[in-house]
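K.L.:
Chains A and B, in that order, give the protein sequences.
All the letters of the first sequence, read from the start, carry residue numbers -6 to 113 under my numbering.
All the letters of the second sequence, read from the start, carry residue numbers -11 to 186 under my numbering.
These are computed hints drawn from the structure, not numbers from a lab.
Incorrect hints may have been included.
[What the hints assert, rightly or not] Cut-off 25 angstroms, straight-line C-alpha distance, at most; resulting in silico cross-link-like pairs (DSS-like, lysine-lysine):
| # | chain 1 | residue 1 | chain 2 | residue 2 |
| --- | --- | --- | --- | --- |
| 1 | A | K39 | A | K74 |
| 2 | A | K63 | A | K39 |
| 3 | A | K93 | A | K63 |
| 4 | B | K88 | A | K47 |
| 5 | A | K74 | A | K63 |
| 6 | B | K88 | A | K39 |
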Amino acid sequence: MAAKSNAMRKSEPVLQPVAPRSATQLDRLIHERLRLGILSALAAEKSLTFSELKALLETTDGNLSVHARKLEDASYITCEKGFEGRVPRSEYRITPAGRKALEKYLDHMEALIRVARESM
Amino acid sequence: MAARNPVPLHSQAFDHLQYIRRTMEGAASFTAVPGVGGILMGVSALTAGGLAHAKGTVEPNRWLAIWILEGVLALAIGLLFAYRKARRIQVELFSRPARKFMLAMAPALGAGAVLTSALVRSGQMAMLPGCWLLLYGAGISAAGAFSVRIVPVMGTCFLVLGSAAMFSPGEWGDAWLAAGFGGLHIVFGILITRKHGG
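Use the sequences and the hints to build the structure in full.
P.N.:
What follows is the structure in structure tokens.
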């Protein structure tokens, strides 16, 4: 079991391009469904606002802000706060580190399926 | 051999990949509608409206030819700008949401082509503006179900204009078409560009 590190993962998660043996080897930060959704949506779009993400992922304000904050803390996404008229507006974008983490996660998922197929 | 893995990760993996794909497609289709393209479609429709109104009183066939050409031109503008926008925002999965959008539009456009032919043959050309606006509105509303809320709202506006056109004097046809294909495209094109990029 990997030692729990207090250091924030600033750039890239430690992942290998092979099928992980357990969930602990996956990037736990992305493995959570809503965080995976946020990252996937932002990988497909240049930027999305808080309300667009909320509608797209069908979640609540509280849930989205908690999980978006975790991704922000890991530097996987950035949030730009501003105003549209008098209404506050938060605009999210994926960072290169976030895109890379998602790609590695995708590689892991594909490897898992490949391994399962080979053992059939 | 059975894996020692206590968690059936591979079964989750497939589900996760599908979730990623669905989410990316959803996000991409969110704003794949081209704003600038909409504005240009509107400008071309206003030009066609001006030309058709000048010619329409003289020769119905030329009126019809102008609006059909405008339809083809608008379709080409829409496709070109949707393609450009997809390339700019680098949406790899664009083809799927775009296909979904076009497939949702296709029945209404197909019905429009059949009705146009039938109404022209039966000499009821005054019905064409209302018919086109209604069918385009129906198509946009259906396709807009996969996009940002502003798109089905635009579809509803077309439906309202089309309904009004159906029950108004035939000579108002060009005004309704210009207001719909020109005005609505320009207004919503500007809104989409400001909110979701060109």
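K.L.:
Regarding the pair K39 (chain A) and K74 (chain A), is the alpha-carbon distance no greater than 25 angstroms?
P.N.:
Given that 25 angstroms is the threshold and the Cα spacing comes to 16 angstroms, the pair holds.
K.L.:
K63 (chain A) and K39 (chain A): Cα distance at most 25 angstroms?
P.N.:
20 angstroms, holds
K.L.:
Are the Cα positions of K88 (chain B) and K39 (chain A) separated by 25 angstroms at most?
P.N.:
With a Cα-Cα distance of about 21 angstroms, the restraint between K88 (chain B) and K39 (chain A) holds, given a limit of 25 angstroms.
K.L.:
K93 (chain A) and K63 (chain A): Cα distance at most 25 angstroms?
P.N.:
17 angstroms, holds
K.L.:
When you check the alpha-carbon spacing of K88 (chain B) and K47 (chain A), does it fall within 25 angstroms?
P.N.:
22 angstroms, holds
K.L.:
Is K74 (chain A) within 25 angstroms of K63 (chain A), Cα to Cα?
P.N.:
Holds, at roughly 16 angstroms.
No hint from the list above goes unmet by this structure.
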